[in-house]
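A.B. asks: As they're listed, the protein sequences go chains A and B.
No gaps in the numbering here: position 46 of the first sequence is 46 in my numbering, and each next residue is one more.
No gaps in the numbering here: position 217 of the second sequence is 217 in my numbering, and each next residue is one more.
Keep in mind that the hints were calculated from the coordinates and are not lab data.
Please note that the accuracy of each hint is not assured.
The calculated DSS-like cross-link candidates involving lysine-lysine, where the alpha carbons are at most 25 Å apart (straight line), are [claimed, not checked]:
#1 108(A) - 21(B)
#2 108(A) - 2(B)
#3 108(A) - 18(B)
Listing some non-contacts, in silico: residues in chain B with all C-beta distances to chain A over 12 Å [to be verified]:
#4 49
#5 72
#6 133
#7 187
Yeah, the Cβ is synthetic: ideal placement off N, Cα and C, and Gly gets one too.
So you can see what is in the structure, the chains are spelled out below.
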Amino acid sequence: MIELYQIIAIIVSIIVLILSILRFRDGKMSLGMLMVWIVIWLIIIIISIYPNDTNYLASYTGIGRGLDFVLIIGLILSFYLIFKMYNKMEVIEEELTNLIRELAIQNKNTDNKDKMEDKVDLDNKTE
Amino acid sequence: MKIFVVLPAYNEEKTIEKVLKDLIDIGFEIVVVDDGSVDGTFSIVNRIIMEKKTGLLCRHIINRGLGAALKTGIEVALMEDPDIIVTFDADGQHDPKDILKVSKPIINDEADVVIGMRNFKEMPSSKKIGNRIMNFITLFFYGINVNDSQSGLRAFNRKAAETIIINARDYGVSSEIIGEIKRHNLRLIEVPIKTIYTNYSIKKGTNTNEGLKILAKLIMNILK
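One chain only, chain A, in its complex shape (with noise of 0.2 Å):
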């Protein structure tokens, strides 16, 4: 018998793994990256197939139920992402930083060089 929230799962499994493809393929999503997205929404495509087969997983961990392993291990999966996201926007930001302090230091008084070059000029042609 099988549940709506299977159903659900299933679509919404098979909906996220479509535009993940396509993101891949607009050049906007790594080929690594891709892999580990298809891994993920499979594994929940086949836990959403197969529900019961989970309290193996879950007699073999000590973890009660099929259903609380999944949720579990979903719930580390998710945090261990963000985290992955801090960082990399982390190094993002410095490299921003870096980018800007870079400009800002090779362009030191060009505005009011440029400025005073013209005033010069305009000097010369006065005299």
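Given the coordinates of chain A, assemble chain B onto it according to the supplied hints.
C.D. replies: Using the frame of chain A, we list chain B on its own:
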């Protein structure tokens, strides 16, 4: 003795003109870092530098925070062969005469870094709490107890300016500098300075809110 004054400025159009003119008139070399201001700060500084025919101006095209601005300023100053680099707040809260006061221990070779400590008794209570929290945080995370960890008036000799590595981009930089002083075993002296409190300068800088934000940031840094 070449003293370079580094002024990080973010939206300081109300105060920067007086601060800058005072410093140039005394005869200091100036490095202004406009940290992506959206007001008239850049054009005001540009005009003064042209009028006075002295001073350097760098502009971060996007606001990157106090730490990034100080790093840029110190790097630019180091290219000009300085003897002493002084950081100075652009909001008008410091007395330009105090620059000589914080430079003196370096001239006498008694210190590598001098921090101008503000008088906490004169400090408005909203700022006092924030600064106390930051002193505690600096002690807790970097293991060094100072009287005023968040002061914007600091003097570095050349060796210290070259050695200290700034990574913090925001207000956490003040604590980080103190941590760096300890890490590299630099000689630190704190010198009392005058603080000019105006309604304007009270609104800016380290208040309770900013203190809590820095705390959150430092905890995040440890969890990384």
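A.B. asks: Which of the stated hints cannot be reconciled with the structure, identified by number in ascending sequence?
C.D. replies: 4, 5
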